[in-house]
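Construct the complete structure from the given sequences, taking the supplied hints into account.
Chain by chain, the residues run as shown.
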Amino acid sequence: MDKPVNLFLCGVGGQGILLASEVISSACMKSGFDVKQSEVHGMAQRGGSVISHIRFGKKVYSPLIEPGAADIVVSFELLEALRYLPYMNKNTKVIVNTQRILPSPVATGMDTYPADVTGQLGQRGLSVFPMDAFAIAKKAGETRAVNMVLVGALSAFLDLEEAVFLEVIAERIPEKIRKVNTEAFLKGKDEIGGILAGG
Amino acid sequence: MKKMGNPGDKVLLSGNEALALGAYEAGVKVASAYPGTPSTEILENLCRYEGVYTEWAPNEKVALEVALGASFAGARALATMKHVGLNVAADPLFTAAYTGVRGGLVIVTADDPEMHSSQNEQDNRNYAYAAKVPMLEPSDASEAKDFLKVAYRISEEFDTPVLLRTTTRVAHVKGIVAAGEMETSSVQPGIVKMPQKFVMLPGHARLRRVELEKRMNRLREYAGTFPANRTEWGDKKTGFITSGVSYLYVKEAFPDASVLKLGMVYPFPDDMIRDFASQVTDLFIVEELDPFIETHVKALGIACKGKELVPAMGELNSHILRKAITGRAEGDLFEPVPVPMRPPNLCAGCPHRGIFHAISRLKVFVAGDIGCYTLAALKPLSSMDSCVCMGASIGTAFGMEKALGKDSLGKIVAVIGDSTFMHSGITGLIDVVYNRGFTTVIILDNSTTGMTGHQPNPSTGVTLGGYAGTGIDIPALCGAIGIKHVVTVNPHDMDNAEKVLRQEIERPEPSVIITQAPCVLLPEMKRRKDKKRYMVIGDNCTGCRSCLKIGCPAIEWAPLTAEEAKKLGYKESQKGHSTINAVMCDGCGQCVTLCKFKAIVGAEK
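Chains as they are written, first to last, in the numbering used here: chain W, 13 to 211; chain L, 6 to 610.
Note that these hints are calculated values from the structure, not bench results. The C-beta atom is built at its ideal place from N, Cα and C for all residues, glycine as well. Treat the hints loosely; a few may be bogus.
Partner residues are not named here, just some residues of chain L that face chain W (Cβ under 10 Å, in silico) [stated by the list, open to error]:
#1 PRO43
#2 SER144
#3 VAL175
#4 TYR254
#5 GLU257
#6 HIS324
#7 ARG327
#8 ALA329
#9 THR331
#10 GLU335
#11 PRO349
#12 CYS352
Here are the simulated BS3-like pairs of lysine-lysine, each with C-alpha atoms no more than 30 Å apart in a straight line [as the list claims (entries may be wrong)]:
#13 L:LYS536 <-> L:LYS411
#14 W:LYS188 <-> L:LYS15
#15 W:LYS70 <-> L:LYS554
#16 L:LYS384 <-> L:LYS368
#17 W:LYS188 <-> L:LYS241
#18 L:LYS384 <-> W:LYS71
#19 W:LYS71 <-> L:LYS242
#20 L:LYS242 <-> W:LYS70
#21 W:LYS70 <-> L:LYS15
#22 L:LYS368 <-> W:LYS102
#23 L:LYS537 <-> W:LYS70
#24 L:LYS534 <-> W:LYS150
#25 L:LYS15 <-> W:LYS71
#26 W:LYS188 <-> W:LYS199
#27 L:LYS416 <-> L:LYS554
#28 W:LYS191 <-> L:LYS241
#29 W:LYS105 <-> L:LYS328
#30 L:LYS219 <-> L:LYS241
#31 L:LYS328 <-> W:LYS15
#32 L:LYS504 <-> W:LYS71
#33 W:LYS188 <-> L:LYS531
#34 W:LYS188 <-> L:LYS572
#35 W:LYS102 <-> W:LYS71
#36 W:LYS15 <-> L:LYS242
#37 L:LYS328 <-> W:LYS151
#38 W:LYS191 <-> L:LYS536
#39 L:LYS603 <-> L:LYS534
#40 W:LYS191 <-> L:LYS384
What follows is the structure, encoded as structure tokens:
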């Protein structure tokens, strides 16, 4: 594997994208890969759109994914998947949480939420994997574990051992909420397994 | 897939976390900073290591002076700041270049190309040239740690402060870092009197000026042997000279080309540059922002291409670079689809929203400052009219007043946060009193430094080390400066705040209004048990949209068709109604005052 794998995460501030990125990057490192993960702090975080680039492989130079070069996109919020379309190509796999978080122009009635987001992505030939990560997290026992559901879903596409992810979750997540987060991770992974098995 | 070595001795760290580890391994004893993106996490991490004194200083000038003092006492010392912070610390920097050091002294400047979280994108490599101080520039987290340790050795060997420059994509990018050996300085701590070195009277300074030139010559020679200035030979048709994060973009876009990577960006290794240039056919200089390397290479009489191809604004990446150098666009990219923006916004329950709504009713010019509250400039609050640099609100309001005279009474206010006031607002206020102004200054006291991630500051009394003492008493401080009218208001009570504002802006004397209400993101505020929730009684909502004027993210507009309106018992002409998102509502109650139809009421918890 000479070319690095490009994972692009997007969503809204407060959804736990940065912790998710840390878990994924740590799993890559523990699996023996070089890894770089890039995010932005400060003003960009106040309720804005948040993105994180993760690149792993034998050797990684640039911390930033080029337009059109994402191998897998994980969108933590529905419309955010559409915003970052220029990072995708026809072979990109797009995992989309169907949860909607209204942007302020939509919440105040100045703009409208885009219709049929997954359909719009599908029309462009992308492989779209929609899932209600919020409902799955709720089932696992913690609505704030949406991020681990999506890490689980992403892991179904990566050639990394499940045990490594579980080890990282055990290291990074406080004991009190570790069990629900592990559960959320496994349920997210199963969800993709189910979609793939179902065709 | 091939696995590389055994993990365990390696950790995943951001550039800032790696710098903290590097400072610890270098045996740094004193570290001082003012928080600023993208530099803040260096001290937030360093404070967790044993044996290092760390502190938040009121501003970057003080931070550098504290670090310089520690160096005079023979300890290795660190000052960290964002790029604009070095403007504040420039005064001690330029003369510290003359005094030199005892213990190693390193200043980290974290630049922000693209202005992710800054008011400008100045290139601080220019400070190295202007202050005659060497500068190292790492490309990633691993180099950040190594370069910091090297910087201390250079500092002590050459008797000079050393600048280490990162940019956002070094500071905030996580990568693999190997923990290293602990180092100790050979400098003996203690009080040593060296007036000719430390007292920069003109007579002494002239002597040090000569030493400074000699030191720069020695450093120029050293640059030629410095191992982090290295040539990576590849195809000799194309050669790149680059540094910092730009090196990574060059390697990504042109893996086969020859590269001269500068780990030290000032002074330059001239012979190495000449040698490299003579062996490649086409020479390109790749750097973010200013043509700093390019100007020097051209001054050596070497033909090269740089800023005529590579953008001088914003961040680079491998895509931009490939296009700039080869002139070729990539294959078919998906066209962007227009989607609603997600502009950053003040949080639900933010006390700033209340006071800015009250200010917006006055129709005054608002001279603003740097912090979360700068977001009040955006719609729908639209109540900030200028914002330049830390502490500028008071001086600019006062200057406008002096230009316009008595006619400006009641038409201008200055707004500044508590931490920013401590940073550099106090001196502006002294000017107002001393020079007999009538400026109205609003100090937003939310008991924290919000935007950079909730650092304590002198007015909170809590230190970076966690000591909880008595904070600076802002009303008493204003009183001591000579402000006779100091009023404290609750910003959530917008009607009263407006009343006080109207009264104070008409006063032909200086006055200070302090809004006191803690930031809702503070842990004690998040945990509070008596938090209220509000809801909209649908029947009472007339769809007047008054509650939407404050732009609270918890208040949502539900549009209605005529049919839906009729079905719900509204007038057919009603275009929609408001709802309050129960999860987001923080219970500040600001919206209750705005509703003239009593449609917003307390909800069950």
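Hint by hint, here is what the structure shows:
no. : hint                  : verdict
1   : PRO43                 : holds (7 Å)
2   : SER144                : holds (9 Å)
3   : VAL175                : holds (9 Å)
4   : TYR254                : holds (6 Å)
5   : GLU257                : holds (4 Å)
6   : HIS324                : holds (4 Å)
7   : ARG327                : holds (8 Å)
8   : ALA329                : violated (13 Å)
9   : THR331                : violated (14 Å)
10  : GLU335                : holds (6 Å)
11  : PRO349                : holds (4 Å)
12  : CYS352                : holds (7 Å)
13  : L:LYS536 <-> L:LYS411 : violated (45 Å)
14  : W:LYS188 <-> L:LYS15  : holds (27 Å)
15  : W:LYS70 <-> L:LYS554  : violated (53 Å)
16  : L:LYS384 <-> L:LYS368 : holds (15 Å)
17  : W:LYS188 <-> L:LYS241 : violated (58 Å)
18  : L:LYS384 <-> W:LYS71  : violated (45 Å)
19  : W:LYS71 <-> L:LYS242  : holds (24 Å)
20  : L:LYS242 <-> W:LYS70  : holds (27 Å)
21  : W:LYS70 <-> L:LYS15   : holds (16 Å)
22  : L:LYS368 <-> W:LYS102 : violated (52 Å)
23  : L:LYS537 <-> W:LYS70  : violated (53 Å)
24  : L:LYS534 <-> W:LYS150 : holds (24 Å)
25  : L:LYS15 <-> W:LYS71   : holds (15 Å)
26  : W:LYS188 <-> W:LYS199 : holds (19 Å)
27  : L:LYS416 <-> L:LYS554 : holds (22 Å)
28  : W:LYS191 <-> L:LYS241 : violated (56 Å)
29  : W:LYS105 <-> L:LYS328 : holds (26 Å)
30  : L:LYS219 <-> L:LYS241 : violated (36 Å)
31  : L:LYS328 <-> W:LYS15  : holds (20 Å)
32  : L:LYS504 <-> W:LYS71  : violated (63 Å)
33  : W:LYS188 <-> L:LYS531 : holds (19 Å)
34  : W:LYS188 <-> L:LYS572 : violated (48 Å)
35  : W:LYS102 <-> W:LYS71  : holds (25 Å)
36  : W:LYS15 <-> L:LYS242  : holds (24 Å)
37  : L:LYS328 <-> W:LYS151 : violated (48 Å)
38  : W:LYS191 <-> L:LYS536 : holds (29 Å)
39  : L:LYS603 <-> L:LYS534 : holds (26 Å)
40  : W:LYS191 <-> L:LYS384 : violated (43 Å)
Hint check: violations occur at hints 8, 9, 13, 15, 17, 18, 22, 23, 28, 30, 32, 34, 37 and 40; the rest are consistent with the structure.
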